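All chains, full assembly: derive it from the sequences and hints.
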Amino acid sequence: MEHRTVGELMTRKVVTVRLETPFKEVARILADNAVSAVPVLDGLGRPAGMVSEADLLRKVADRSDLTGRTPLPHLEAWERERAEGRTAGEFMSAPAVCAHPEWTVVEAARLMQVQNVKRLPVVDETDRLLGIVSRSDLLRVFLRRDQAIQEEISHEVVGRLARLGAAGVTAEVREGQVALHGTVADALLIPVLTRMCAGVDGVVSVAEDVRVRVGA
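The sequence shown maps to residues 25 to 240 in my numbering.
Just so you know, these hints were derived from the structure itself, not from any lab.
It cannot be assumed that every hint is accurate.
DSS-like mimics (lysine-lysine), calculated; alpha carbons at most 27 Å apart, straight line [said to hold, decoys possible]: (1) Lys48 to Lys37; (2) Lys37 to Lys142; (3) Lys48 to Lys83; (4) Lys83 to Lys142; (5) Lys142 to Lys48.
Quick caveat: nothing in here was measured; it's all calculated off a predicted structure.
What follows is the structure, given as structure tokens:
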């Protein structure tokens, strides 16, 4: 049983800017390509940081509201320094939080959660940019067909545990929701089955109606 990898889900054609790209050019690139963030590359093609719409808006938020209706934001010193930046290298969020193509969706999702980022540049072993993976890319695993999920559970979960006494278990999958039925030789297999099914890409939830075989 294997999770989908970042390399399978990432976007390979990446819109990028350079450290020296001017502020207005960054804004134009975001608008023209209908993206909300881009990696900032150094001279060797390695991600040095990320520039997002939030980074651009920081400059707007730092300006005085001549109407007097909106109080000035209380920006930290580092935020004010970025707001005054003129090039991508000066107002980008750095360092870039990157992933590798062999990572699983679980690894990438956990890193996004911990770092509170919405996308990860994907780099090779020399840190050169290969692609980019976003939250929406990772969520594509939930578009897997129910039949594909059911087949993986039957072969990779129940099949692996069959010799331990789980051969009598069947799985139904509807809209990613798994329902396990049948019997097992040992009650300890029930939570193992449930946990393994929950780890299959595309599974939304797992419910079980599994009993221990009489006389097992």
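Comparing the hints with the structure gives:
This hinted pair checks out: Lys48 and Lys37 have alpha carbons roughly 22 Å apart, not beyond 27 Å. Between Lys37 and Lys142 the CA atoms are separated by roughly 18 Å; this keeps the pair inside 27 Å, and the hint holds. Distance restraint check for Lys48 and Lys83: the Cα-Cα separation of roughly 12 Å lies within the 27 Å cut-off, and the hinted pair is therefore satisfied. For the hint linking Lys83 to Lys142, the alpha-carbon distance of about 21 Å falls within 27 Å, and the restraint holds.
For the hint pairing Lys142 with Lys48, the CA-to-CA distance comes to about 23 Å; that is within 27 Å, so the pair holds.
Going down the numbered hints, you'll see the structure goes against none, and every one checks out.
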